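Take a look at the letters that make up each chain.
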Amino acid sequence: MRERLFQLLSKVFDMRLGDINESLVKEDVYKWDSLVQMELVTEIEKGFEIQLSIDDIMSMDSVQKIIEVLDKYGVKANVPA
Amino acid sequence: MSQPNLSLSHKIALVTGGASGLGLAIANTLAEAGATIIVIDCNQTKLKDLRNDFQKECVDVTDQEGMQAAINKVMNANGRIDILINNAGFIYNEPLINLTKAQRQHDYNAYKKIIDINMNSVFLTSAMVADHMIVKRTKGVIVNISSISADGNAGQTAYSAAKAGVNAFTKTWAKELGPFGIRVVAVSPGFIETPSTTQALSESMLDSLIKRIPLRKLGNALDVAHTVLSVVSNQYINGSIIPVNGGLVL
Chain A
1 MRERLFQLLS KVFDMRLGDI NESLVKEDVY KWDSLVQMEL VTEIEKGFEI QLSIDDIMSM
61 DSVQKIIEVL DKYGVKANVP A
Chain B
82 MSQPNLSLSH KIALVTGGAS GLGLAIANTL AEAGATIIVI DCNQTKLKDL RNDFQKECVD
142 VTDQEGMQAA INKVMNANGR IDILINNAGF IYNEPLINLT KAQRQHDYNA YKKIIDINMN
202 SVFLTSAMVA DHMIVKRTKG VIVNISSISA DGNAGQTAYS AAKAGVNAFT KTWAKELGPF
262 GIRVVAVSPG FIETPSTTQA LSESMLDSLI KRIPLRKLGN ALDVAHTVLS VVSNQYINGS
322 IIPVNGGLVL
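The listed protein sequences derive, respectively, from chains A and B.
Residue numbering for the first sequence follows my numbering, starting at 1 and increasing by one per position.
Residue numbering for the second sequence follows my numbering, starting at 82 and increasing by one per position.
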């Protein structure tokens, strides 16, 4: 699941897959603005077939936080592959 | 080949300025297609005359707190809003420089008021409703009633600017909200035979205008209302400004 998430983040953030890691925060990602946040939400919801709450969407400001949010929805993004 | 589905059964539609003129025609047309209608209008008397099955809220669309309270009430009563028709507006004529008046320059307070009514209210209402649509994951549609004047109409500095702004909103929000399945479309009427048009234009102005319209007649409110129904029903129109003007080019 983690690889799927990282591939998704690589696509949305327009970054190389190798540059995506758990310690990445919003401020580190040049492209991560309010519009990309919306794209991130739609891609995550489509990719993992879940529907995020508005509070969870608002809380996603780092890769680690995204992993924690996905975990709440039963998506084990902290597990490799 | 299947027929287009224009049924709006189980859809919740909010129409601003829906107590008279174009807004009323739109509200009635959407109701005939099966939608539950909520009308927001600042004219209490005209609201009382509406069909009993319409939900009614008496609010001025420029009143941010009043609108938020009304929309929250609508959400509590209906659970969601599928269709927003930003129709409320006010036609106003004043040139930038008026050589027949001692105060030649366009009145700034009037300018601000017209921008407030015709453009800022669309921003406020759309932001409030789109927020609910995203939270509720409603794949809704916002229809902005624009105007042919958005292309620039002599004598309508403020109104033209406001409607051009509404067109810009439409294209911007279509891009922003599209990924959530929310469509944003504008319907842009030309000169339509409504009380506000006939009040805003003298008979001689209307006559000369009609001569410039290729179809040689004003439109009527149903021409616009049927276009609104069509864009609400068509699931692939997004970010478009649909003209309904008899072929008139300003």
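No lab work stands behind these hints: they were computed from the structure.
Since we're looking at a predicted model, the values are computed, not measured.
Each residue gets a CB set at the ideal place from its N, CA and C atoms; glycine is no exception.
The reader is advised that the hints may include incorrect statements.
Claimed, not checked - Just some of the chain B residues that point at chain A, by a computed CB distance under 8 Å:
(1) 139
(2) 218
(3) 255
(4) 257
Hint check results:
no. : hint : verdict
1   : 139  : violated (30 Å)
2   : 218  : holds (6 Å)
3   : 255  : violated (13 Å)
4   : 257  : holds (7 Å)
In summary, the numbered hints that this structure violates are 1 and 3.
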